[in-house]
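Just so you know, the protein sequences line up as chains S and Y, in that order. Each number in this note's numbering comes from the position in the first sequence (counting from 1) with 9 added on. Each number in this note's numbering comes from the position in the second sequence (counting from 1) with 365 added on.
Derived from the structure by calculation, the hints contain no laboratory data. Just so you know, not all the hints are guaranteed correct.
With a straight-line Cα cutoff of 30 Å, these simulated DSS-like cross-link-like pairs (lysine-lysine) come out [to be verified]:
1) S:45 <-> S:68
2) Y:420 <-> Y:431
3) Y:385 <-> S:45
4) S:68 <-> Y:429
5) S:79 <-> Y:406
6) Y:406 <-> Y:431
7) S:66 <-> Y:406
8) Y:406 <-> S:65
9) Y:385 <-> S:65
Partial selection, computed: residues in chain Y whose CB lies under 7 Å from chain S [to be verified]:
10) 384
11) 423
12) 454
13) 458
14) 471
15) 477
Each residue gets a CB set at the ideal place from its N, CA and C atoms; glycine is no exception.
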Amino acid sequence: GQQVMQIPQYQHVQEGEDFTTYCNSSTTLSNIQWYKQRPGGHPVFLIQLVKSGEVKKQKRLTFQFGEAKKNSSLHITATQTTDVGTYFCAGPSRETSGSRLTFGEGTQLTVNP
Amino acid sequence: GAVVSQHPSWVICKSGTSVKIECRSLDFQATTMFWYRQFPKQSLMLMATSNEGSKATYEQGVEKDKFLINHASLTLSTLTVTSAHPEDSSFYICSARPPRGARTDTQYFGPGTRLTVL
C-alpha cells in the first residue's frame, strides 16, 4: 500500500536556527498537505500543494512540492518557540476515491530559547 | 477555516464499559468524516471513514463491532468504543471533509478526545 515517510523524526534547534522536514511518498500524489500539531493539541491544516514544483510561503514557512509529485519539504526560517510541535505531511490515498489521507510519521520540533 | 467540534474532550471509564464520542461539523455539511487514533508520540492512524447515510468503511485491523460508527446527519458522526479495555486508551480524533465541489479536499480536525480506560 501507499506509504508516506518523513525525516527526521525529531529535531532540536536553538531559537533563530532554521529547520527543514522532508516528506517522501511511495506513489505519485495528486496533492500534498501539511499539518501542525502542538503538544497536547490536534492537527491544524497549514497548506495544500497541488502543482508539480510548486513553492508556497507563509511568513517564515516555505513549502515545496517536488517535480515528480512524490516528495515535499517544509522549511522554517529563524525558528521561534511558537514553532514547537509536530509537523505532518499527508497525501491522498490512491486506493480509494482520494478522500482518505495517509499521514507521514511526523517530525517533532523542539526549539530551545 | 471550518470548525469541527468533539465531545467529550476527555473521558475516564472503567474496563468493560462503552464510551460514545461525538464529532460535529459546525459551519459546513460533511458527507464524509474520518476517525483517527493517535498513540503518544505517534502519527495519526485512520480507523474508519464515516459516510452520511451509509455504513462506515473500516481500515484493515480495526474491529467494526468494537468501534461502532454512526453518521446519521450531515453534521454529526459518533464513534462508540464498546467494552473498552486499557489497550483502547488513546487520543481519538475526528476530521471532516468539505463537500464535493469545494475548493479544497483538506480535512478539518476536531480537538480530539483523550480516552483513558482503567
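Pair hint outcome, residue 406 of chain Y versus residue 65 of chain S [Cα-Cα no greater than 30 Å]:
28 Å, holds
Taking only the CA atoms, is the gap from residue 79 of chain S to residue 406 of chain Y under or equal to 30 Å?
25 Å, holds
Is residue 385 of chain Y within 30 Å of residue 45 of chain S, Cα to Cα?
Distance of about 27 Å is within 30 Å: holds.
Do the alpha carbons of residue 406 of chain Y and residue 431 of chain Y lie within 30 Å of each other, as the hint requires?
The given pair, whose Cα atoms are some 24 Å apart, holds under the 30 Å limit.
Restraint check, 7 Å cut-off on beta carbons, for residue 458 of chain Y near chain S
Cβ of residue 458 of chain Y sits 6 Å from chain S, so the hint holds.
Is the straight-line distance between the alpha-carbon of residue 45 of chain S and that of residue 68 of chain S 30 Å or less?
15 Å, holds
Under the criterion that the straight-line Cα-Cα distance not exceed 30 Å, is the pair residue 66 of chain S, residue 406 of chain Y satisfied?
Cα-Cα ~28 Å, so holds.
Should the interface hint for residue 477 of chain Y be scored as holding, given a Cβ-Cβ cut-off of 7 Å against chain S?
5 Å, holds
Identify whether the interface hint at residue 454 of chain Y stands, where standing means a beta carbon of chain S within less than 7 Å of its own.
16 Å, violated
Can the restraint linking residue 385 of chain Y and residue 65 of chain S be considered satisfied, given a maximum Cα separation of 30 Å?
Given pair residue 385 of chain Y, residue 65 of chain S is violated - Cα atoms ~40 Å apart, limit 30 Å.
Hey, does the residue 384 of chain Y contact hint survive, CB to chain S under 7 Å?
18 Å, violated
Is the straight-line distance between the alpha-carbon of residue 420 of chain Y and that of residue 431 of chain Y 30 Å or less?
Cα-Cα ~15 Å, so holds.
Of the hints listed earlier, those the structure fails to meet are numbers 4, 9, 10, 11 and 12, in rising order.
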